[in-house]
Amino acid sequence: MSHDDNQPPPPPQSGDGGSVPPPPPGQYGDSGSVPPPPPGQYGDSGSVPPPAADNPYASSTPPPYSASQPQGDTYGGYGAAPVQQTGGTNVSAIVLTVLAGLATVSCYFTLAGLPALVFGIIALTKQSSDPAGSRKMAKIGWIVFGVLVVLIVILLAVGITAFINSPEFQQELENAS
Amino acid sequence: MPLASPPLADSSAGRGRRLFWPAVAAVALTGAVLVVHVINPYEPGNYPTCPWLAVTGTYCPGCGALRATHSLTHGDLGAALQRNPLVVVLAVAVVVGLAVWARRQWRGEPARRTPPVALLWVGLAAIVVFWIARSIPGWTWLSPV
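Protein sequence lines, in the order shown, are assigned to chains A and B.
Numbers given in my numbering equal positions in the first sequence, counted from 1, plus 11.
Numbers given in my numbering equal positions in the second sequence, counted from 1, plus 3.
Some clues are possibly wrong.
To be verified - Where chain A lies over chain B, by a calculated footprint (3+ residues, C-beta under 8 Å): (1) 43 to 55; (2) 58 to 65; (3) 80 to 93.
Hints are computed from structural coordinates only; laboratory data are not their basis.
Glycine included, C-beta positions come from ideal geometry on N, C-alpha and C.
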């Protein structure tokens, strides 16, 4: 069925435009008459009805992907899979590396910063080749960093308390007062 | 939509939102440096002793960091290098890094570049070598005292 086979509709008569019956559906393949899909719904190409056999231009209508879904990325007619962040920057690893580096030269938290720094650098090394491994390394680094910082804070608190309660410090306080 | 913008640039967020984390980092660093500037670490008793030094009797890579920072804030670069040269290098790196980060956030540029991983490994090796070297008997030029 070619375009030449169809006869153009008669022009609307002046004065009676409201009474002119619409052309039969599908006669011209009017893509403008195809109702757009509601936004945000699945956006799957599987739900698109096949073009009618008597609608030769309906196939030129773009598939009704929703605006938020990339085209051509459908999974069994239920929409596109969530976009995977592969090869992106591992922000967690960068923050861990910076904080661990600062902790390493902070004197008090050196022993917490050094292993976390190693994990952070490993995570940054793997972020382009192995994003999942990079995220895992950063996570382990954060856990190690947090545990060691808490341990050092506890040890510092115990040490300061012991120093304050020591007889030497109490003697100094009495001499000062 | 996250409540706060991530540390890296997101051009879809507003400029004030993008500069949130650089501002937080700058304020935190300035506050810490201000404390060390006001409370003199050269006077004994103002800060706790280094736990590593107290336990092992050797210097850690951070020993002398507070005194070096105090000297830097008073413009005494020589004294700062004598207390802890690593802190001087790191201070320059932190200031430059913060400025680059804030500039990128200001312009809304995506931070997709690979960080200089080789440089980080060199820095880590330098920290370990510095740690060992400054505790070698006789090598007092790296010790903070």
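Hint by hint, here is what the structure shows:
By the rule of at least three residues with a Cβ nearer than 8 Å to a Cβ of chain A, the coverage given for the segment 43 to 55 of chain B holds, with 4 such residues. For the segment 58 to 65 of chain B, the stated coverage by chain A holds: 3 residues have a C-beta nearer than 8 Å to a C-beta of that chain, and at least 3 were required. Note: the segment 80 to 93 of chain B has 4 residues with beta-carbon separation from chain A under 8 Å; the three-residue rule is met and the coverage holds.
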